[in-house]
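J.: With the hints as a guide, dock the two chains, each given alone in a separate frame, to form the complex.
Same order as they appear, the protein sequences are chains A and B. Just so we're aligned, residue 1 is where the first sequence starts under the working numbering, counting upward by one. Just so we're aligned, residue 1 is where the second sequence starts under the working numbering, counting upward by one.
Keep in mind that the hints were calculated from the coordinates and are not lab data. Honestly, I wouldn't trust all of these hints.
As the list claims (entries may be wrong) - With a straight-line Cα cutoff of 30 angstroms, these simulated DSSO-like cross-link-like pairs (lysine-lysine) come out:
(1) Lys22/A x Lys71/A
(2) Lys109/B x Lys41/A
(3) Lys49/B x Lys40/A
(4) Lys52/A x Lys9/A
(5) Lys67/A x Lys22/A
(6) Lys36/A x Lys19/A
(7) Lys67/A x Lys41/A
(8) Lys49/B x Lys36/A
(9) Lys71/A x Lys44/A
(10) Lys109/B x Lys40/A
(11) Lys19/A x Lys71/A
(12) Lys40/A x Lys19/A
(13) Lys40/A x Lys9/A
(14) Lys22/A x Lys40/A
(15) Lys58/B x Lys36/A
(16) Lys52/A x Lys49/B
(17) Lys44/A x Lys58/B
(18) Lys58/B x Lys40/A
(19) Lys67/A x Lys44/A
(20) Lys52/A x Lys41/A
(21) Lys9/A x Lys36/A
(22) Lys44/A x Lys69/B
(23) Lys71/A x Lys52/A
(24) Lys58/B x Lys41/A
(25) Lys49/B x Lys71/A
(26) Lys49/B x Lys22/A
(27) Lys9/A x Lys49/B
(28) Lys41/A x Lys9/A
(29) Lys44/A x Lys22/A
(30) Lys19/A x Lys44/A
(31) Lys58/B x Lys69/B
(32) Lys49/B x Lys69/B
(33) Lys69/B x Lys41/A
(34) Lys109/B x Lys58/B
(35) Lys19/A x Lys9/A
(36) Lys67/A x Lys36/A
(37) Lys36/A x Lys52/A
(38) Lys49/B x Lys41/A
(39) Lys44/A x Lys49/B
(40) Lys36/A x Lys71/A
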Amino acid sequence: DTAVSQTPKYLVTQMGNDKSIKCEQNLGHDTMYWYKQDSKKFLKIMFSYNNKELIINETVPNRFSPKSPDKAHLNLHINSLELGDSAVYFCASSQFSIKGGYGNTEAFFGQGTRLTVV
Amino acid sequence: AQSVTQLDSQVPVFEEAPVELRCNYSSSVSVYLFWYVQYPNQGLQLLLKYLSGSTLVKGINGFEAEFNKSQTSFHLRKPSVHISDTAEYFCAVSRDDMRFGAGTRLTVKP
Numbered sequence: 001d002t003a004v005s006q007t008p009k010y011l012v013t014q015m016g017n018d019k020s021i022k023c024e025q026n027l028g029h030d031t032m033y034w035y036k037q038d039s040k041k042f043l044k045i046m047f048s049y050n051n052k053e054l055i056i057n058e059t060v061p062n063r064f065s066p067k068s069p070d071k072a073h074l075n076l077h078i079n080s081l082e083l084g085d086s087a088v089y090f091c092a093s094s095q096f097s098i099k100g101g102y103g104n105t106e107a108f109f110g111q112g113t114r115l116t117v118v
Numbered sequence: 001a002q003s004v005t006q007l008d009s010q011v012p013v014f015e016e017a018p019v020e021l022r023c024n025y026s027s028s029v030s031v032y033l034f035w036y037v038q039y040p041n042q043g044l045q046l047l048l049k050y051l052s053g054s055t056l057v058k059g060i061n062g063f064e065a066e067f068n069k070s071q072t073s074f075h076l077r078k079p080s081v082h083i084s085d086t087a088e089y090f091c092a093v094s095r096d097d098m099r100f101g102a103g104t105r106l107t108v109k110p
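This is chain B alone, in the form it adopts within the complex (with noise of 0.2 angstroms):
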């Protein structure tokens, strides 16, 4: 079965400061991977997703992700973030069930 390891329990950043949120997974099979994002009090919202292709994925709110067979990650970027990126963030790992991390606190201080 797949597993995903989230690195980072809590990742506080200051604004317009670049932001990496890891992410491992484990699986024999080839997966599918996921970033969802969760604000507080609400569901979860799709970040971005990796089927196939370009390692390099593209996601909302100017979030990116690159998987790495090798090092088996697939670890979330941004650049510059925003005060409203707080929040709490979820790699998850898809092949047989959809398995997720145990969540990265993002909080980005002023």
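Next comes chain A alone, as it looks inside the complex (with noise of 0.2 angstroms):
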């Protein structure tokens, strides 16, 4: 079994347009996140989620809203797309919150989402 798995795996769209990338984990992991990955390579945390709380929101532009139903999904909703959203964006899951001093724990990480706006 997949621990973290994202849907889709690949997601062309054209610009304007609205979509969405799920997530789930079957860790039992409190704290979900999301990252974005631009064409360097460059990992950046868009946000975090602990037992359906966010917890962390990077300067990530408004168009980006995610959605945790219940701890064990997060799922990422972006509006509007535009060319510079294209990129790979990655879920996480971790054990314990890393917020309040738990940082001592790894993140597994999902196969990614490549979202390429046209």
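T.: Take a look at the structure:
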């Protein structure tokens, strides 16, 4: 069974469209994340949720809205897609909340969603 | 806040040669350190982690890293690389959140 799974793996869409990426983890972890990896492989944290509560919200356009229906799922919805949104988006999870000093746990990553905006 | 600097963006080496990928971190408090590997078109996989204790950490695939507090470094080493080690390697630091370095592209040539 895949520990952290995200769908779709590839997403090609036109500018201005709205799209969603789904993520599920079956590890029983409390914390889930979204990272964006640009064409130069730079990984930037976007959001972090702990038990469905938003704990990290980096400087991300408000066109990006995460939603966590339960602690095993963290979806990413993107409105009005722009060319610059093209990237690989990774979902990840970890056992404890990294906020508050529980920073000693590794993050498990999904396989990524390659988003291409044309 | 903590940050990570990977000193080399690309490291080409020949097969069976030793390799060192360098990582320096910056933090005003104690942190936890990780190395991840990303093979082409795949997600990130944990190689090893330093939480506390022995400063020499052994990971998967023959990799090891040494935590040096005085130099704020966490360099990754392997004594003899294989073609299959060609990948992107990321150093990460974790305290309040997990931050990644810019990555080092390791290319192993025959």
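J.: Looking at the structure, which of the earlier hints fail to hold?
T.: Hint check: nothing fails, all pass.
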